[in-house]
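Trainee: Sequence:
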Amino acid sequence: MLNTIKIKTLIILFLFTVLLIGCNDKSNSEKSTVQTEAKALKKILFVVTSHSEKGDTGEKTGYYLGEVSHPWDVLHTAGYEIDFVSPQGGKAPVDAFDMSDAINKKYWNNNTYRNKIENTKKPSEVNPEDYVAIHYAGGHGAMWDFADNEEIAEIAAKIYENNGIVSAVCHGPAGLVNIKLSNGLYLVDGKKVNAFTNEEEVKVNLEDVVPFLLEDTLKERGAIFEKSAPFTEHVVADQRLVTGQNPQSAHGVGKATLKELQRLTKSEK
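Going letter by letter, the sequence shown gives residues 1 to 269 in UniProt numbering.
Hints are computed from structural coordinates only; laboratory data are not their basis.
Source: prediction; values computed, not measured.
Check the hints yourself; a few may be wrong.
Simulated pairs of lysine-lysine, DSS-like, Cα-Cα distance not exceeding 27 angstroms [what the hints assert, rightly or not]:
1. K192 with K158
2. K192 with K121
3. K60 with K122
Let the sequences and hints guide you as you build the complete structure.
Mentor: In structure tokens, the structure reads:
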């Protein structure tokens with residue numbers, strides 16, 4: 001009788017131990033899944049200009065604040081961490097400082113990101129493997145220091161060829177014109193693209209000030225250039241390249257970039 005009770009007790013203890021181990025395994029598995037998903041949600045690199053003057057006009061320029069804040073708001077809200085790089089590194093000049101825009105204000109009052117953009121990385125400090133996307137913000141300053149920056153172009157090419165996303169808005173596509181892939185072709189060749197148009201440049205009286213016309217140069221590189229009426233939102237995504245025509249397109253570029261990232265994440269599962 002006593003032996004029977006001992007045997008039953010041992011069986012109960014054994015079953016309880018098995019159940020406990022199973023629960024721990026499930027908990028560890030769930031934790032592992034969460035950790036894997038968190039690691040999968042990597043960072044995005046924003047490129048901003050270091051150039052602060054519109055040619056010889058004496059007028060100041062820089063990166064267009066809304067073309068940083070609006071894509072940032074979409075992507076940061078979705079859980080992505082944003083880093084900043086500029087051709088020279090350090091504090092980037094800002095243009096169109098409009099605090100009546102609620103998203104601009106939200107971004108500018110975020111101390112973490114305010115500190116990041118006032119202490120941008122130098123290209124040499126960037127590891128392309130850390131990023132799932134790169135975004136070129138506009139502002140007229142980009143016309144002077146984006147196109148010929150070979151270091152950032154190489155970073156963008158590596159991110160793209162690592163199955164990442166490249167996005168740009170307004171004058172930001174100036175950074176796309178000289179990006180070449182490992183096959184020797186320009187990134188924009190054969191892809192639908194848009195950017196600040198010739199008509200828009202004429203309307204702001206800077207067609208003879210900027211070093212080149214963005215629309216014309218993108219077409220020369222083989223891009224299939226799309227556009228809408230001046231200062232009308234226009235966003236296009238083609239083969240992991242997302243572009244927006246003007247400041248009005250900044251939020252849409254953020255949303256389209258997020259959609260591309262989500263599509264890639266699903267395809268990898």
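Trainee: With reference to the structure, classify each hint as holding or not holding.
Mentor: Quick rundown of the hints versus the structure:
The hinted pair formed by K192 and K158 meets the criterion: a straight-line CA distance of about 20 angstroms does not exceed 27 angstroms. This hinted pair does not check out: K192 and K121 have alpha carbons roughly 30 angstroms apart, beyond 27 angstroms. A hinted pair counts as satisfied when its Cα atoms are at most 27 angstroms apart, and K60 with K122 qualifies at roughly 22 angstroms.
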